Amino acid sequence: MNLHQSTATRSRDEIIEAIRALSNADWVRLRQVANLYGRPSITADDLLQEAFARAMDGRHCPVHVDVVRFLAEAMRSIAHGEQEKVANRMVFPSAESGDRQKAVLRQPDPAGSAEDRALNAEHTQRIRTQLFSLFDDDPTARDILECLMEGLTAEEIRELTDLDKTAYASKRKLIRRRIDKQYPEGWKP
Amino acid sequence: MTGKNETERAALDRLADALVEDILNVSDEDILAEFAEQGGDARQHAEKMRSLFEATMLVTNKRRMAAAKAGVAATRRTSHQPPPPTVDIAEARARLRTLVERSSAPSNLTLAARKEEELSNADILGMLEDLAELGIVAPKNGDGEES
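Chains as they are written, first to last, in my numbering: chain A, 1 to 189; chain B, 1001 to 1147.
Calculated directly from the structure, the hints in this document are not laboratory data. One or more of the hints may lead you astray.
So the derived list for chain B, only partly shown, Cβ under 7 Å to chain A, looks like this [to be verified]:
id	residue
1	Ala1011
2	Arg1014
3	Leu1015
4	Leu1019
5	Leu1024
6	Gly1039
7	Asp1041
8	Phe1053
9	Thr1060
Dumping the calculated BS3-like pairs for lysine-lysine here, alpha-carbon to alpha-carbon at most 25 Å [what the hints assert, rightly or not]:
id	chain 1	residue 1	chain 2	residue 2
10	B	Lys1069	A	Lys188
11	A	Lys85	B	Lys1048
12	A	Lys173	A	Lys188
Model, not experiment: these values are computed from the prediction. By construction, the Cβ of each residue, glycine as well, lies at the ideal position given by its N, Cα and C atoms.
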């Protein structure tokens, strides 16, 4: 990649053209990515639409970056932002009653945000338990799953599990396919 | 959010990142075969996704149009404001001199104005404005005529 390639970005029309030209396989990829990043606070479809909108609204998409990867990264960022919002939400309950219809109490509602956080926490805990139970029959896959959740690199995981490259790739494929099969519409308990 | 839940959420996010990386690297043949194995019709699915994209594009186009309209309206509002009046500074100085000679202005102003040649253009205009506010001198309109 030369300097020009690293700085040049696609225009809005180029992004639209590139998205319209995506292959059937690319659309499957995008759907699966959306399913993985979808959460109770934002659905997979909302993620996809928001990512399309961001791409068209001038998010810089470098010409050397694959559009599917760019959209996947956009979904990741949107999902992360949504989760942060839930984690830090400050609710301002309206005091709409009687003569004070326009009045708003400028106080956070700790009960409301606590409820959202509790729901999110419950969802996270349930999904995590379910994911591990998918591999009850395969302790190596469970170990890899745990390592991936810990953020270990492929090399580190191979070393810990004593797997060669081929065996490791095969386990990763098994993990991905089993999870995809279990959650065809995203991580919903 | 509790620390424990934050850790678990981050763990799921890391797993999602790893699986996404796999999805982006798997071959077209494999991903289509897996999709078909689960009963999916890739062509039909692509059509649905394209429709979702086109619908999103319509919404963003509307948003862009609304923003453009608002921008044009704002520019119009700014450009329709009357230009500031042009001022002949020599004439303004002459007016002030005449006024001082008439001595109907407050003494503090006339005292300052007696040194008119030492005053800046801004001072001259400021004094004329003060005198207009006091009703001692008629204000000038945008065409340079007394209103």
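Tested hints:
no. : hint                   : result
1   : Ala1011                : holds, 4 Å
2   : Arg1014                : holds, 5 Å
3   : Leu1015                : holds, 5 Å
4   : Leu1019                : holds, 5 Å
5   : Leu1024                : holds, 6 Å
6   : Gly1039                : violated, 9 Å
7   : Asp1041                : violated, 9 Å
8   : Phe1053                : holds, 5 Å
9   : Thr1060                : holds, 5 Å
10  : B:Lys1069 <-> A:Lys188 : violated, 42 Å
11  : A:Lys85 <-> B:Lys1048  : violated, 30 Å
12  : A:Lys173 <-> A:Lys188  : holds, 21 Å
Hint check: violations occur at hints 6, 7, 10, 11; the rest are consistent with the structure.
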